[in-house]
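Peer 1: Chain residues, written in single-letter form:
Number of protein chains: 2
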Amino acid sequence: MKITIAVDIMGGDNPASELALGAVSAARMFAADGLELILVATPEAAKTLPELPANVSVRTAEGVVEMTDDPGIVMKDKKDSTLVLACNLCKEGIADAVVSAGNTGALFTAASLIIRRIKGVRRAALGSVIPLESPFVLLDCGANLDATPEVLLLYAKMGAIYAENVLGVENPRVALLNNGTESHKGTPLYSEAYKLLSAEESLNFVGNCEGKAVPFGACDVLVCDGFTGNIALKLIEGMGKFMSKSIKDIFHATTVAKAAGAMTFRHTKKLKKKLDPAEYGGAPFLGLKKPVIKAHGSSDAHSFFSAIKQALMYCQGGTIEKITEGLAKKTEETEE
Amino acid sequence: MKITIAVDIMGGDNPASELALGAVSAARMFAADGLELILVATPEAAKTLPELPANVSVRTAEGVVEMTDDPGIVMKDKKDSTLVLACNLCKEGIADAVVSAGNTGALFTAASLIIRRIKGVRRAALGSVIPLESPFVLLDCGANLDATPEVLLLYAKMGAIYAENVLGVENPRVALLNNGTESHKGTPLYSEAYKLLSAEESLNFVGNCEGKAVPFGACDVLVCDGFTGNIALKLIEGMGKFMSKSIKDIFHATTVAKAAGAMTFRHTKKLKKKLDPAEYGGAPFLGLKKPVIKAHGSSDAHSFFSAIKQALMYCQGGTIEKITEGLAKKTEETEE
Numbered sequence: 006m007k008i009t010i011a012v013d014i015m016g017g018d019n020p021a022s023e024l025a026l027g028a029v030s031a032a033r034m035f036a037a038d039g040l041e042l043i044l045v046a047t048p049e050a051a052k053t054l055p056e057l058p059a060n061v062s063v064r065t066a067e068g069v070v071e072m073t074d075d076p077g078i079v080m081k082d083k084k085d086s087t088l089v090l091a092c093n094l095c096k097e098g099i100a101d102a103v104v105s106a107g108n109t110g111a112l113f114t115a116a117s118l119i120i121r122r123i124k125g126v127r128r129a130a131l132g133s134v135i136p137l138e139s140p141f142v143l144l145d146c147g148a149n150l151d152a153t154p155e156v157l158l159l160y161a162k163m164g165a166i167y168a169e170n171v172l173g174v175e176n177p178r179v180a181l182l183n184n185g186t187e188s189h190k191g192t193p194l195y196s197e198a199y200k201l202l203s204a205e206e207s208l209n210f211v212g213n214c215e216g217k218a219v220p221f222g223a224c225d226v227l228v229c230d231g232f233t234g235n236i237a238l239k240l241i242e243g244m245g246k247f248m249s250k251s252i253k254d255i256f257h258a259t260t261v262a263k264a265a266g267a268m269t270f271r272h273t274k275k276l277k278k279k280l281d282p283a284e285y286g287g288a289p290f291l292g293l294k295k296p297v298i299k300a301h302g303s304s305d306a307h308s309f310f311s312a313i314k315q316a317l318m319y320c321q322g323g324t325i326e327k328i329t330e331g332l333a334k335k336t337e338e339t340e341e
Numbered sequence: 006m007k008i009t010i011a012v013d014i015m016g017g018d019n020p021a022s023e024l025a026l027g028a029v030s031a032a033r034m035f036a037a038d039g040l041e042l043i044l045v046a047t048p049e050a051a052k053t054l055p056e057l058p059a060n061v062s063v064r065t066a067e068g069v070v071e072m073t074d075d076p077g078i079v080m081k082d083k084k085d086s087t088l089v090l091a092c093n094l095c096k097e098g099i100a101d102a103v104v105s106a107g108n109t110g111a112l113f114t115a116a117s118l119i120i121r122r123i124k125g126v127r128r129a130a131l132g133s134v135i136p137l138e139s140p141f142v143l144l145d146c147g148a149n150l151d152a153t154p155e156v157l158l159l160y161a162k163m164g165a166i167y168a169e170n171v172l173g174v175e176n177p178r179v180a181l182l183n184n185g186t187e188s189h190k191g192t193p194l195y196s197e198a199y200k201l202l203s204a205e206e207s208l209n210f211v212g213n214c215e216g217k218a219v220p221f222g223a224c225d226v227l228v229c230d231g232f233t234g235n236i237a238l239k240l241i242e243g244m245g246k247f248m249s250k251s252i253k254d255i256f257h258a259t260t261v262a263k264a265a266g267a268m269t270f271r272h273t274k275k276l277k278k279k280l281d282p283a284e285y286g287g288a289p290f291l292g293l294k295k296p297v298i299k300a301h302g303s304s305d306a307h308s309f310f311s312a313i314k315q316a317l318m319y320c321q322g323g324t325i326e327k328i329t330e331g332l333a334k335k336t337e338e339t340e341e
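Quick mapping for you: the protein sequence lines, in order, are chains U and W. In terms of our numbering, the first sequence opens at residue 6 and continues consecutively. In terms of our numbering, the second sequence opens at residue 6 and continues consecutively.
Bear in mind the hints are in silico, worked out from the structure with no lab data behind them. Predicted model, so just to flag it, every value in this text is computed and none were measured. Treat the hints with care, since some could be wrong.
It does not matter which identical chain is used: a pair holds within one copy or between any two.
Claimed, not checked - Here are the computed lysine-lysine pairs in the DSS-like style, where the Cα-Cα straight-line distance is at most 30 angstroms:
#1 327 x 124
#2 190 x 250
#3 190 x 84
#4 217 x 274
#5 190 x 81
Take these sequences, add in the hints, and give me the full structure.
Peer 2: Encoded structure:
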């Protein structure tokens, strides 16, 4: 089966040529799986690309959405941008999925308006796969700042389907991020959501999860509103960076410490991977009609490669179909 | 000047005798500062105490508030408990401050009802001093789950006074915990609070702070609602534990790694301190008429010592007076 992914190589912190390297690696690695890539670049950037394998083509657009652009203006002022073109390729059926390292809000806005939400999905969410002790999907990481109990239930279902199909977790454990483990804990949003998630038989709901349990593999899907999720995601990222820096400082403190650093190099490298969300390549939008993966803004070739791999698995897993069939209908019933 | 602190040595995870050790150390260390301690224990626990210095006395109550007790029942069913007695000693003017390692919610409820809030302070908050790159006060850590923009402003003022008087930070930098740095970011609660904090001349408001900047000394006072703050505090704690465990694992992986661990022991120990909120001993309640410090539930003698030291500094700093004089009046004007 052929799977075509539109890859926006502009708009990240690194130059298009760096991201193209990751894309080409992915194209070569997964050629046998039927992967085809359409790199979307400006005409100038397109000239800097290396020789491309047969399953990689290039499309161009004049504009680039900058990190600082207000997402609200993208569909007006940046219609002729690589990001919007990548979404349009998906809408027109030329591509099956989109990957971009650009402006998160702009990607969400463009993808929501162009690719559109699955029928019955009131809110699409931004998930993030976080490694730590064992990888889990955190959602919503900021697509929508507010939520209702029904929306948290929707996130839970979409997250569980994603964890099962893309991360390969059987019967994923779903938890609510909360300020205590008891069922009545949290704001009314969370205590009400607790009731809905408990009552939903299709979910393996394991209850509330406190922040201190998060790093230790307490669940496979961690559900919260976008404000809380964004703060949690960035705190985890910040603490990971703090830790990596602190370890580096330890191993640079003295000559003896430098030797110790060399002695444990492989182990600390492994730990660094556990602390780095870029290891999983990107954050999936859930609830849209096609897979859209937001690669980390600071993606290098390696993490951009991972993001494309994740998009491929998102396509292969039948995740969209499962969300569309199972959940969309159910959500409509609940809400309308 | 004599300063008397009522110390509830029951209700923590460790036995009263362990906490008493920390209390006795503090009493000896700060005898010259006029510190006097009243240890509050059950009659049974009182019998297990070692010989006490002259500036330590003992009072007893029959009951103990357990960690699992619902805070709502404390003032009904546990009136004759060590926690309630400690608060009563404060109310009656026998003690100047309270320290307890017991049930946080129960301590907050009892202290709010017995010691009461400063006039004009609509909500008392639970602060927490977090070490990391440079120590900062995070508040509210869960005393109240919801907030208004005015309440966040109140937290900001109280937190700044605490940071200045107890942590010794001159002109403390105050920030809002938010999902982006721009002024319009966050839920309406946060974008409105941003306006109030910017307009408040007595504050050194440095804007919004994202989770990824939190560990790196971005501010001295970090303000948020109690739900978000509790999740953030526990995430920081959990990530700290995850890292300590990971470093331990690295240094136990092989014989070579064990040698490396020995070579960097002092440095990793220093890092562990940075990751451990117990290092600062306890979490201050802010907005009550007397200093109340919640020591960590898992406090050992060392961290309980630090909590008592913090209570002493809370008393010495004139923090309560400054909150009462400056801010309480202002808050009344705004709200009534």
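Peer 1: For each hint, tell me whether it holds in the structure or not.
Peer 2: Hint check:
1. 327 x 124: For residue 327 and residue 124, the Cα distance is within 30 angstroms only inside one copy (13 angstroms; across copies 57 angstroms).
2. 190 x 250: between (35 angstroms within a copy, 28 angstroms between copies)
3. 190 x 84: For residue 190 and residue 84, only the inter-copy Cα distance (25 angstroms) is at most 30 angstroms; the intra-copy one is 45 angstroms.
4. 217 x 274: both (24 angstroms within a copy, 21 angstroms between copies)
5. 190 x 81: between (43 angstroms within a copy, 22 angstroms between copies)
Of the numbered hints listed earlier, not one is contradicted by the structure.
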